[in-house]
Structure formats: C-alpha cells, structure tokens
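Student: Going down the list, the protein sequences come from chains A and B. Okay, so the first sequence: first residue is 268 according to this note's numbering, each after it adds one. Okay, so the second sequence: first residue is 268 according to this note's numbering, each after it adds one.
What the hints contain is simulated information worked out from the structure, not anything from laboratory work. You may find that some hints are simply not true.
Unchecked claim - Here are the simulated lysine-lysine pairs, DSSO-like style, with alpha carbons at most 27 angstroms apart:
| id | chain 1 | residue 1 | chain 2 | residue 2 |
| --- | --- | --- | --- | --- |
| 1 | A | K286 | A | K501 |
| 2 | B | K286 | B | K355 |
| 3 | B | K587 | A | K430 |
| 4 | B | K620 | A | K418 |
| 5 | A | K587 | B | K430 |
| 6 | A | K355 | B | K612 |
| 7 | B | K612 | B | K295 |
| 8 | B | K612 | A | K430 |
| 9 | B | K430 | A | K612 |
| 10 | A | K416 | B | K587 |
| 11 | B | K355 | A | K612 |
| 12 | B | K295 | A | K430 |
| 13 | A | K587 | B | K659 |
| 14 | A | K430 | A | K295 |
| 15 | A | K587 | B | K577 |
| 16 | B | K416 | A | K620 |
| 17 | B | K295 | B | K430 |
| 18 | A | K620 | B | K430 |
| 19 | A | K620 | A | K577 |
| 20 | A | K620 | B | K295 |
| 21 | B | K416 | A | K355 |
| 22 | B | K430 | A | K416 |
| 23 | B | K501 | A | K620 |
| 24 | B | K286 | B | K612 |
| 25 | B | K587 | A | K355 |
| 26 | B | K620 | B | K587 |
| 27 | B | K430 | A | K355 |
| 28 | B | K587 | A | K577 |
Chain residues, written in single-letter form:
2 protein chains.
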Amino acid sequence: MDMLSYQNFGFEITCRDPKSRARLGRLKTPHGVIETPNYIFCGTKASIKNLSPAQMREAQTDIILSNTYHLMLQPGADLIAQMGGLHKFMNWDGPMLTDSGGFQVFSLGEGTMANEIKGSRKQENAGKQNLMQITEEGCVFRSYVDGRKIKLTPEGAMEIQRKLGADLLMQFDECTPYHVDKDYTARSMEMSMRWGDRCLAEFARHDDGAQAVYGIVQGGVYGDLRRISAEYTKDRPFFGTAIGGCLGGSDEEMRGVVESAAPYIHPERPVHFLGIGQLKDVFTFVRLGIDTFDCVIPTRLARHGAAFMKGRRGETINLKNACYRDDPSPLDERVPVAASREYSKAYIHHLLKANELLATQILAQHNVATINLLMREVRAAVVDGTLDQLEKEWLGY
Amino acid sequence: MDMLSYQNFGFEITCRDPKSRARLGRLKTPHGVIETPNYIFCGTKASIKNLSPAQMREAQTDIILSNTYHLMLQPGADLIAQMGGLHKFMNWDGPMLTDSGGFQVFSLGEGTMANEIKGSRKQENAGKQNLMQITEEGCVFRSYVDGRKIKLTPEGAMEIQRKLGADLLMQFDECTPYHVDKDYTARSMEMSMRWGDRCLAEFARHDDGAQAVYGIVQGGVYGDLRRISAEYTKDRPFFGTAIGGCLGGSDEEMRGVVESAAPYIHPERPVHFLGIGQLKDVFTFVRLGIDTFDCVIPTRLARHGAAFMKGRRGETINLKNACYRDDPSPLDERVPVAASREYSKAYIHHLLKANELLATQILAQHNVATINLLMREVRAAVVDGTLDQLEKEWLGY
Numbered sequence: 268m269d270m271l272s273y274q275n276f277g278f279e280i281t282c283r284d285p286k287s288r289a290r291l292g293r294l295k296t297p298h299g300v301i302e303t304p305n306y307i308f309c310g311t312k313a314s315i316k317n318l319s320p321a322q323m324r325e326a327q328t329d330i331i332l333s334n335t336y337h338l339m340l341q342p343g344a345d346l347i348a349q350m351g352g353l354h355k356f357m358n359w360d361g362p363m364l365t366d367s368g369g370f371q372v373f374s375l376g377e378g379t380m381a382n383e384i385k386g387s388r389k390q391e392n393a394g395k396q397n398l399m400q401i402t403e404e405g406c407v408f409r410s411y412v413d414g415r416k417i418k419l420t421p422e423g424a425m426e427i428q429r430k431l432g433a434d435l436l437m438q439f440d441e442c443t444p445y446h447v448d449k450d451y452t453a454r455s456m457e458m459s460m461r462w463g464d465r466c467l468a469e470f471a472r473h474d475d476g477a478q479a480v481y482g483i484v485q486g487g488v489y490g491d492l493r494r495i496s497a498e499y500t501k502d503r504p505f506f507g508t509a510i511g512g513c514l515g516g517s518d519e520e521m522r523g524v525v526e527s528a529a530p531y532i533h534p535e536r537p538v539h540f541l542g543i544g545q546l547k548d549v550f551t552f553v554r555l556g557i558d559t560f561d562c563v564i565p566t567r568l569a570r571h572g573a574a575f576m577k578g579r580r581g582e583t584i585n586l587k588n589a590c591y592r593d594d595p596s597p598l599d600e601r602v603p604v605a606a607s608r609e610y611s612k613a614y615i616h617h618l619l620k621a622n623e624l625l626a627t628q629i630l631a632q633h634n635v636a637t638i639n640l641l642m643r644e645v646r647a648a649v650v651d652g653t654l655d656q657l658e659k660e661w662l663g664y
Numbered sequence: 268m269d270m271l272s273y274q275n276f277g278f279e280i281t282c283r284d285p286k287s288r289a290r291l292g293r294l295k296t297p298h299g300v301i302e303t304p305n306y307i308f309c310g311t312k313a314s315i316k317n318l319s320p321a322q323m324r325e326a327q328t329d330i331i332l333s334n335t336y337h338l339m340l341q342p343g344a345d346l347i348a349q350m351g352g353l354h355k356f357m358n359w360d361g362p363m364l365t366d367s368g369g370f371q372v373f374s375l376g377e378g379t380m381a382n383e384i385k386g387s388r389k390q391e392n393a394g395k396q397n398l399m400q401i402t403e404e405g406c407v408f409r410s411y412v413d414g415r416k417i418k419l420t421p422e423g424a425m426e427i428q429r430k431l432g433a434d435l436l437m438q439f440d441e442c443t444p445y446h447v448d449k450d451y452t453a454r455s456m457e458m459s460m461r462w463g464d465r466c467l468a469e470f471a472r473h474d475d476g477a478q479a480v481y482g483i484v485q486g487g488v489y490g491d492l493r494r495i496s497a498e499y500t501k502d503r504p505f506f507g508t509a510i511g512g513c514l515g516g517s518d519e520e521m522r523g524v525v526e527s528a529a530p531y532i533h534p535e536r537p538v539h540f541l542g543i544g545q546l547k548d549v550f551t552f553v554r555l556g557i558d559t560f561d562c563v564i565p566t567r568l569a570r571h572g573a574a575f576m577k578g579r580r581g582e583t584i585n586l587k588n589a590c591y592r593d594d595p596s597p598l599d600e601r602v603p604v605a606a607s608r609e610y611s612k613a614y615i616h617h618l619l620k621a622n623e624l625l626a627t628q629i630l631a632q633h634n635v636a637t638i639n640l641l642m643r644e645v646r647a648a649v650v651d652g653t654l655d656q657l658e659k660e661w662l663g664y
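Throw the hints in and build the complete structure from the sequences for me.
Tutor: Following this line, the structure appears as structure tokens:
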C-alpha cells in the first residue's frame, strides 16, 4: 500500500484562521481543482434533483456526489461502466465523489435515517429493503428496487466505486445508529477499521491514478472511540478523512463528536463531513477544520417549497406561505443566478400552488447558488479573519 | 370598431407555395416578430411544464401561450395585473397568446376534452368543476380549484385577457362537443358570433394598441356552418382567425373541417389552429393555410417518457422501453440543444426508472427544440417547394 501516491490528486492548505481550525485549501482531482471549504451537492441517483449539469454550473457548483447504494441497485455499476463511467453518464465533467453504500445499507435497514437520502418519492418502498445480515465479511440486504438479495463487502464496495469512476471514493464502513451502546459501537468501529484495510488493499490492487480514497472516522458519540478511529485513519494511506456515523441528537453533541476527533485527524489531508450541511453547520464545522460538506437539503427543501435566505433566522423561507402571494420581489438579488433574481416570490408561490414542476427547479437552483455564495464568502472570511461577522450576517443574529 | 387599426401588429405574407395554401409570413407583435408557420407552446398555468424561459429560448422558441381559464381561477387576473402582467410574471419577454377560457369551460364541463389541457396532476379534481349554465349573457361554472361559482361572459373574457396582457387574444366562444347535433351546433355557432361582436366592442372600448384579437371559426363538423362562421370572422375587424371547436373523430374529418372553412377565411390575416399539433398535423394543415399551431403534447409526452423523433413512424420513441437501457446514443444530434445531444438514451431511461424529475426536463426541452426544428425546416421547404419531401423525412414514410 506504500504505492498509493495519489499522484493526480493533491491537497494544499493555503491559509489558516489563527482563531480556529478553519483553513483554506486547494483540492486537486483529475477533473479539476476546487477551493475549500466547499459543498458537495447530492446527485443521489446520478442526478441532482430537477437540475441539469448546466444549471448546476450556472449556480457556480464545483463538485457533486452520487450514492453508490442507489446506483448499484439501479441502473447497476456495470451499466454505468459500459456507458463510460458516471461523469459521462450524467454529463458532469467536474470533480465528483461517491460514498461506499455503507450508510444507506445500514441506515435504511434501521429505517431511521432513510428519509434523508432516499428522497420522498420512494418512501413507500422503504419497508421492502431489509438489512439481513452483518458479518466480518460484509453484509447482506434486500434491494428496495426489486427485492433481490444483495451482498456488499469492502472489496465489492471498492469495485463498484471503481466502475462508477468518481474521483473521490469512500471506504466501506458500518454506520451505527444512535440507540446502540458503547460496546456495540466499539466493536463495530473496530470492524470498520478492518474493512478500511481491506478497502485500501483492494483499491491498491487496481489503482491507476484516477481515483483517491477517504477513510471514515466512526465511534459514535464516544470521544475516546472517535480518537481511536481518527488515529487509525491517520496511520493509513488514505487520501482524505471523512467523519461519519452517529453524531448524536443535538447540535452540541454533533459538535462534541467533531471536537473529540479533530485533533487526531491527519492535519494535511482534506476532511469531509458526511451528510451534514445546514447553513449554521457550515460555520460551526469550518471552524473545526472541515473542508467539505454534503447534504441533500438544498434540493429537498426546494421540493418542499423552501428557499435558503441569507440573513434569515431559521435559514429558510417557505414560498407556500400566503404572505408571498403578492410579493413582487425576487428571492435574493445578491445571489448571481436567474432563479434568484428573475422571478417574483408571487410567481413562485403561484407555481407551488399550481403544482408546477418549474417551482422546484427554480428553488433548487436558488438553494444551490445560495450555498455556493455562502462557501465563497466563507473562504473570503477565512482569509480576512471575519468568520464571526459573516456568521451573524448569514444566520441573522 | 373601425378604430381597430392594430397599429403595433402586422402580418405580412412573404412567400406562397404554388401547390397548396401553404405560405410564409411575418407576424409582428409588440414583443417581437415571429416567422410563420410557427408553433405556440402551452404554458397553461403561466409555466411551460418544467422548462424555464431560458430553456425555452435555448430550444429556439419564438412564442408561447397561457390559458385564461386556469389563470383566472389561480392566481387570478388581478394579481397578474398587479405583478405587471403575464410577460413579467412568468419572465417571458417574447410574443404571447392567451385563449378566452371558453374551450376549458365547455370542454371540462363535458369531461371529454379535459385531459388534453388540464394536465395529469389535477385530474382528480375534474369532477369538482361543473358547467352550470349557458345563456346568451355567458356561462356559469364551478371552479375546480375551490368550488366557487364563476360567471364568464364575452366582456369578462376580454377584460381578463386585457389584465393578463398577452399580445394575441381570442374571442370568447362556445365550444361544442362531438356528440351534439347540427341544430345545436348551428345555434351555438350563431351565439358565438354574437359573442364575437361583444368581444370586439369590449376590446375596442379599451384598445391601447398593446393587444390584438382573433375571431374563432366554429361550426363543428358541418362544412356549411364552418363556411358561415369563417365568413363572419372575415367580415369583422379581427386581427387574426382561429379555427376551434369540434373537429371530428378522425384525421380525415379534421382535414375536411379545415378544407371547408379555408376558402372563406380572411386571406391576409394570420390563421391559428387551436389545440392541434402532432408532427403529421403540421404538414397537413400548413398546406391548408394554417400559420400557427398550439398543442400541449410536447411537454405532456415528456412527462410520459416520450420523445419526438424526426423520421420515426409514429412520431415518438418511449425512453421507458427496455431497449434503451444500454443505448449510448443521444436523443438526436440533429436537434441543436443540450437535451437532445448531451445525454444518452440509457441515462434518460435510468432517470425515468428512478422517477428523477430531470427526465421530464430533458425530454420536454428536446421535444420543444424538435418542434422548433420542424417549423424552421417547414418554413424553408415552403420557400423551396419541398414540403412533400420534408414530410416523408419527418414522418418516416
């Protein structure tokens, strides 16, 4: 595994905030360089919900992700490989990340975190998917698409991600839910570490320089376990570090988890925070050294009629609200995209009332563009040392 | 009514096909000039389904329409007027047409033609809407949105269209269904003629040069009635002529209806064919002197997974078909828009299987762009005298 040079990848830290762990970076991939902190938008099933790649670019998006779990079930990794890989398949030529499938296999098995990732359309099928078995070798579950029994192992997860062809990959891990005890969490974490080694070995066997793999810090809400897991990832030839698994039930617990892991994470590698990305989270966790975020909320909020709004307490407004019925103002003139500037709130309100799909398209592009504006301003604030002031501006305090 | 000069409007016939009534025209409106024959895309509720104005422009769209019936019920003509009119409300700065609301009031009352125009989302509400009364004054119906009792008269239909602010308006008429007899059709047509006069009088009272009104040829499937109705519109100061109402149950009957009216329609005014627009119809009716078409099918087909395809018998392919599962080819390289060129059929098939909204966005833009390509080629063929050859190319014969 010493051969893992990641020669087509790089992560250069160009500026550090003297008051926190916040930092500016340049993350290099074969499909381009992105500046960090940055936000990775979820194209769960090889599509950002109701936004074309051109619309994502208009919104100044740098990087997106797709979910291995969904794609392995439909249309299947072999088909995507046959079609030239995920970049070509979904017509996105920028940097891209895939997860390992672990989160969905385990969380959908529990049925608790399912809604976050599966999207609302398929919730009626949630019961069809079942986690059937977890062993040292891997896990067996039933497909939510057709009920097939499917085995997923660390080696299999790497093989599927290799076929998908994203730039940044994730190791396969077990994602423990909130309600399990420390003993289960510890044993699970240790297995995820062994799975991490198997992922690295499998990755190294096929490494052609086109991809780079992240290790995942597990350990639930237990600070001492998070430290052990962080040190494990630091000592292995991962390209980057991701923070995953159960983060607790409150903002404070989530912050505590990251604080307990942060000092032990490899300081020169990019750090990704899996599945987290409200506006307030960006401020909290950039200060704790997070370089990239991902979350489904920009597009999910759009489907519910909500728009991110800079300076609004609670982060969003809901355009279904009757107060917007005759509001001629656009969503936000400060956001440089047609969706934010060229339609009145009254029009979007009307589209939502009329069940017109254009509403979700407009709101999704606005939300993505707003997040990208946020990330540009966060990067500038790290340089200027003005994160505290920017946080107040954005969160309306 | 002699004062109706339509000074900001014009229709210039620039070329005639020696072998048919087909002709090339330039239709001038305050929001721009369009070349005819052309196709008017349906933005029923002030939105082309899942396509932004920018995407419509990319697809080289010249002109769109909205439906008075839907907009008067939601969000209401007063609100749209307050927001600066329909152009500003929906962010479309090109030529625009509104119908009078008559077609929907009468056809939804019958429950037969409803699906065409209302769109699939609202079909569960179809029973809530009822045509309650037709008198010389106008009609009374129940709103499908909230059950309100609403009266619509010729004067009211013109007032609503004036508030909406489109360039091209339609007179209010009664739209008779297929199953009524000749006697009913004749009496209805005569009332529509009286309503036409009231529309013109109401229009003239408020004419500020920003709008122009079309008369509508009624008369069902009866050639002698169509002639009377056509002559009526010719003798009145309408800007254009539309062919509406029941066109029969077959292509032959529809063709017969237009053939019986065509010689009696004002030869120098633009002729619009209401609600008709399959590819084959464009060829048939351009030859009979139709200048503009409108139909919901480009976007409705998209929502059903179907794409127009030049040269395909039956006009469309359905991307849900399993044969496209691993088809790496784009929809159609000949159509100059990203939707047609930059995604594989395999990808669109996957999006449809996965219920991803992006599928309908891609297919809708492809269908609109394909129709616009058709219309450009039809115009060129009128000049070149090659309509017959072009028809074979498009319809795959």
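Student: Does each hint hold? Answer for all of them.
Tutor: Now the hints, each set against the structure:
1. Taking the CA atoms of A:K286 and A:K501, the gap is near 24 angstroms; set against the 27 angstroms cutoff, the hint holds.
2. With a CA separation close to 42 angstroms, the supplied pair B:K286 and B:K355 exceeds the 27 angstroms bound.
3. Of the supplied pair hints, the one linking B:K587 and A:K430 holds, its CA atoms being roughly 24 angstroms apart against a limit of 27 angstroms.
4. About 23 angstroms separates the Cα atoms of B:K620 and A:K418, which keeps this hinted pair within 27 angstroms; it holds.
5. Annotation: proposed proximity of A:K587 to B:K430 holds, straight-line Cα distance about 24 angstroms (limit 27 angstroms).
6. Our distance criterion of 27 angstroms between C-alpha atoms is met by A:K355 and B:K612, whose separation comes to about 12 angstroms.
7. Annotation: proposed proximity of B:K612 to B:K295 is violated, straight-line Cα distance about 39 angstroms (limit 27 angstroms).
8. At most 27 angstroms may separate the alpha-carbon atoms for a hinted pair to count; B:K612 and A:K430 meet this at roughly 20 angstroms.
9. Annotation: proposed proximity of B:K430 to A:K612 holds, straight-line Cα distance about 20 angstroms (limit 27 angstroms).
10. Restraint check: the Cα-Cα separation between A:K416 and B:K587 comes to about 25 angstroms, which is no more than 27 angstroms; the hinted pair holds.
11. For the proposed pair B:K355 and A:K612, the alpha carbon gap of about 12 angstroms is at most 27 angstroms, so the pair holds.
12. Straight-line distance between C-alpha atoms of B:K295 and A:K430 comes to about 55 angstroms, which puts the hinted pair past the 27 angstroms bound.
13. The hinted pair formed by A:K587 and B:K659 fails the criterion: a straight-line CA distance of about 49 angstroms is larger than 27 angstroms.
14. As the CA atoms of A:K430 and A:K295 are separated by approximately 21 angstroms, the hinted pair is consistent with the 27 angstroms bound.
15. Between A:K587 and B:K577 the alpha-carbon distance is near 41 angstroms, which puts this suggested pair outside the 27 angstroms criterion.
16. With a CA separation close to 20 angstroms, the supplied pair B:K416 and A:K620 stays within the 27 angstroms bound.
17. Annotation: proposed proximity of B:K295 to B:K430 holds, straight-line Cα distance about 21 angstroms (limit 27 angstroms).
18. Restraint check: the Cα-Cα separation between A:K620 and B:K430 comes to about 21 angstroms, which is no more than 27 angstroms; the hinted pair holds.
19. Taking the CA atoms of A:K620 and A:K577, the gap is about 24 angstroms. The hint holds against a cut of 27 angstroms.
20. Under the criterion of a C-alpha separation no larger than 27 angstroms, the hint pairing A:K620 with B:K295 is inconsistent with the structure, at around 34 angstroms.
21. Pair hint B:K416 plus A:K355 does not hold up; C-alpha atoms about 54 angstroms apart against a cutoff of 27 angstroms.
22. In summary, the hint linking B:K430 to A:K416 is not supported, as the alpha carbons are separated by about 60 angstroms, beyond the 27 angstroms threshold.
23. Between the alpha carbons of B:K501 and A:K620 the distance comes to roughly 41 angstroms, so the proposed pair goes past 27 angstroms and is violated.
24. For the suggested pair B:K286 and B:K612, the alpha carbons sit about 39 angstroms apart, so the restraint of at most 27 angstroms is broken.
25. Simply put, B:K587 and A:K355 have alpha-carbon atoms about 20 angstroms apart, close enough for the 27 angstroms limit, and the pair holds.
26. Note on B:K620 and B:K587: the hinted pairing holds, with a Cα-Cα distance of about 7 angstroms set against a maximum of 27 angstroms.
27. At most 27 angstroms may separate the alpha-carbon atoms for a hinted pair to count; B:K430 and A:K355 exceed this at roughly 47 angstroms.
28. At roughly 41 angstroms between alpha-carbon atoms, B:K587 and A:K577 are farther apart than 27 angstroms, so this suggested pair is violated.
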